[in-house]
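Enquirer: This is what each chain is made of:
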Amino acid sequence: MDMLFFFILFMLFMTGRREAPGLYEAGRLTLDPDFGGLNTLILLTSSWSFVMAVEAARSNRLERISRWLIASGLCGVAFGISKAFEYGAKFAAGLTPATNDFYMYYFVLTGFHMLHVMGGCVMLLIFWRMARREAFGPGRMTVIECGGIYWHMVDLLWIVLFPLLYLMR
Amino acid sequence: MASVSMNRAAIITWFMLVCASIATWLLIEDQGLGAPSAVSLILLIAVVKVRMIVLHYMELKHAPLRWRLVFELWPVVAASLILGIWFFTGTAADCPPAS
Numbered sequence: 154m155d156m157l158f159f160f161i162l163f164m165l166f167m168t169g170r171r172e173a174p175g176l177y178e179a180g181r182l183t184l185d186p187d188f189g190g191l192n193t194l195i196l197l198t199s200s201w202s203f204v205m206a207v208e209a210a211r212s213n214r215l216e217r218i219s220r221w222l223i224a225s226g227l228c229g230v231a232f233g234i235s236k237a238f239e240y241g242a243k244f245a246a247g248l249t250p251a252t253n254d255f256y257m258y259y260f261v262l263t264g265f266h267m268l269h270v271m272g273g274c275v276m277l278l279i280f281w282r283m284a285r286r287e288a289f290g291p292g293r294m295t296v297i298e299c300g301g302i303y304w305h306m307v308d309l310l311w312i313v314l315f316p317l318l319y320l321m322r
Numbered sequence: 005m006a007s008v009s010m011n012r013a014a015i016i017t018w019f020m021l022v023c024a025s026i027a028t029w030l031l032i033e034d035q036g037l038g039a040p041s042a043v044s045l046i047l048l049i050a051v052v053k054v055r056m057i058v059l060h061y062m063e064l065k066h067a068p069l070r071w072r073l074v075f076e077l078w079p080v081v082a083a084s085l086i087l088g089i090w091f092f093t094g095t096a097a098d099c100p101p102a103s
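Protein chains in written order, with my numbering: chain A, 154 to 322; chain D, 5 to 103.
Hints in this document: simulated from the structure, not taken from any laboratory.
Check before you lean on any hint, since a few could be wrong.
Covered stretches of chain A (chain D as the covering partner; in silico rule of three or more C-beta atoms under 8 Å from a C-beta of chain D) [stated by the list, open to error]:
#, stretch
1, 166 to 179
2, 199 to 209
3, 241 to 252
4, 281 to 295
Derived Cβ-Cβ restraints for the label pairs, each shown as a range [said to hold, decoys possible]:
#, chain 1, residue 1, chain 2, residue 2, range
5, D, LEU48, A, LEU215, 35 to 43 Å
6, D, GLU63, A, PRO250, 31 to 39 Å
7, A, GLY292, D, GLN35, 52 to 60 Å
8, A, ALA237, D, VAL22, 39 to 47 Å
9, A, LEU182, D, PHE91, 33 to 41 Å
10, D, ALA39, A, PHE244, 13 to 21 Å
11, A, ASP155, D, LEU30, 42 to 50 Å
12, A, GLY292, D, LEU85, 38 to 46 Å
13, A, VAL296, D, PRO40, 43 to 51 Å
Remember, it's a predicted structure, so these values are computed and weren't measured experimentally.
C-beta atoms are modelled at their ideal positions from N, C-alpha and C, and glycine is treated no differently.
Please construct the entire structure, taking both the sequences and the accompanying hints into account.
Expert: The following block contains the structure:
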């Protein structure tokens with residue numbers, strides 16, 4: 154569902170860009186690709202940490218699960234802090250979703266993605282508590298594996314979102 | 005031992021994803037490359053990265069075909085349509101800045 158939702162938003166963005174390419178390009182040039190690239194690395198590292206947590210559960214190394222989940226969650230928090238700085242700079246420059254269509258799409262797409270990251274961080278916190286109660290382990294993998302699919306989906310959405318908004322000239 | 009090799013596979017996947025991200029960064033730094041080539045390559049790298057995450061991190065290579073198809077087709081269809089519309093529009097870099 155979420156992937157279909159983002160798919161539709163991507164297509165709306167591209168058709169909007171067709172009508173006013175100059176406006177979209179001017180907007181894109183105000184975005185900092187270094188911020189976006191850093192966010193990519195943060196999410197990739199977070200995904201890897203989650204994989205390590207799942208592997209720890211699968212191989213019955215229960216004490217390691219919560220540690221990897223914390224690492225994954227901290228990456229999610231780092232992503233949020235980075236986004237807060239990015240939004241802060243845009244608002245300080247007077248750029249809001251009402252500025253023009255490009256910024257409307259920029260805030261809607263990155264905002265919905267950020268909500269997914271925040272939801273994922275809450276999920277990681279719950280999983281961390283569950284891991285401490287030894288709720289995960291061999292034969293008790295379904296919940297953590299499904300959570301992993303969600304968290305990796307958040308990562309892969311960003312991988313398409315980043316070039317779409319920040320890089321396509 | 006199986007776990008050790010899985011852990012190694014996970015870090016190798018992470019390393020390749022980081023290398024792909026650096027390749028994207030080099031592409032946007034390279035001003036000599038034409039916009040159509042740069043945009044095509046950037047989207048191709050994104051599709052490859054998504055596929056690596058789907059197969060190795062989501063572990064969908066072991067999933068039922070129906071689920072695997074959804075997650076394999078999504079990036080290909082999304083990137084193809086994005087690229088198709090981009091070519092239809094052309095590069096925006098030459099457009100006069102909008103007010």
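Enquirer: All hints, please: hold or fail.
Expert: Going down the list of hints, with the structure as the test:
{"no.": "1", "hint": "166 to 179", "result": "holds (count 11)"}
{"no.": "2", "hint": "199 to 209", "result": "holds (count 6)"}
{"no.": "3", "hint": "241 to 252", "result": "violated (count 0)"}
{"no.": "4", "hint": "281 to 295", "result": "violated (count 0)"}
{"no.": "5", "hint": "D/LEU48 / A/LEU215: 35 to 43 Å", "result": "41 Å, holds"}
{"no.": "6", "hint": "D/GLU63 / A/PRO250: 31 to 39 Å", "result": "37 Å, holds"}
{"no.": "7", "hint": "A/GLY292 / D/GLN35: 52 to 60 Å", "result": "55 Å, holds"}
{"no.": "8", "hint": "A/ALA237 / D/VAL22: 39 to 47 Å", "result": "24 Å, violated"}
{"no.": "9", "hint": "A/LEU182 / D/PHE91: 33 to 41 Å", "result": "21 Å, violated"}
{"no.": "10", "hint": "D/ALA39 / A/PHE244: 13 to 21 Å", "result": "30 Å, violated"}
{"no.": "11", "hint": "A/ASP155 / D/LEU30: 42 to 50 Å", "result": "31 Å, violated"}
{"no.": "12", "hint": "A/GLY292 / D/LEU85: 38 to 46 Å", "result": "42 Å, holds"}
{"no.": "13", "hint": "A/VAL296 / D/PRO40: 43 to 51 Å", "result": "45 Å, holds"}
The structure does not agree with the numbered hints 3, 4, 8, 9, 10, 11 stated previously, though it agrees with the rest.
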